[in-house]
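Heads up: the sequence shown begins at 12 in the numbering used here, then just goes up one per residue.
Simulated from the structure, these hints should not be mistaken for lab results.
Treat the hints with care, as some may be off.
To be verified - Here are the computed distance ranges between Cβ atoms for each label pair:
hint, residue 1, residue 2, range
1, ASN87, VAL116, 32 to 40 Å
2, ASN87, ALA142, 17 to 25 Å
3, GLY117, VAL69, 16 to 24 Å
4, GLN168, THR95, 20 to 28 Å
5, ARG103, ASP15, 36 to 44 Å
All values derive from a computational prediction rather than experimental measurement.
Just so you know, even glycine gets a beta-carbon here, dropped at the ideal spot from N, CA and C.
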Amino acid sequence: MRPDLGGIPVPGNLAVDATDARLRKLVAWAPVERAIVEAAGRRALISVHSFTPVMGGVRRDVDIGVLWREQSPFVNSVLKTLRTQGTEAGFRIGDNEPYDWRQAVGYTLNRHGLQQGRPCLYLEVRNDLLADPETFERIGRLLENAFATVAMSLWPQSAVAV
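Use the sequences and the hints to build the structure in full.
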């Protein structure tokens, strides 16, 4: 268990013993792992997270970030679509921001995306934007529309769940 994330302590992880670690794996990690494997027939994987607006005393000047390790038509289409639709909606879209996945560790998408030859990306949303219900809804609509646009452009003959 990681005791911190980017230098910010994770209190619940500071004193995890071997028994607690095994229990967490059984209760939290294993079911998620099974669900991902069961959904492995999907066209692409997107792992959604939120990030703090300031890290290590440095302001992060992005609202929504698209993080990728390997370029693909999927990644390029998501970036292009979110830049267009996101900018129109008043959001700043980052390309490998607020951090660069090529310089970071990423278990789930490495294992279930890249190692399986499946296009994948991390989507990061600035967490203070999610606290306001109206902005939360705007971001949800933006992402729904953007990913529907991407899916229809890349896989027009497929039934795609967004």
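CB-CB spacing for ASP15 and ARG103 relative to the 36 to 44 Å hint: The hinted range 36 to 44 Å is violated for ARG103 and ASP15, with Cβ atoms some 27 Å apart.
Taking 20 to 28 Å as the stated bounds, is the beta-carbon spacing between GLN168 and THR95 within them? Holds: the Cβ-Cβ distance is about 24 Å, inside 20 to 28 Å.
Between ASN87 and ALA142, does the beta-carbon spacing fit 17 to 25 Å? 31 Å, violated
GLY117 versus VAL69 beta-carbon gap, inside 16 to 24 Å or not: At roughly 21 Å between Cβ atoms, VAL69 and GLY117 fall inside 16 to 24 Å, so the hint holds.
Does the Cβ distance between ASN87 and VAL116 fall inside 32 to 40 Å? 24 Å, violated
Hint violations for this structure: numbers 1, 2 and 5, all remaining hints satisfied.
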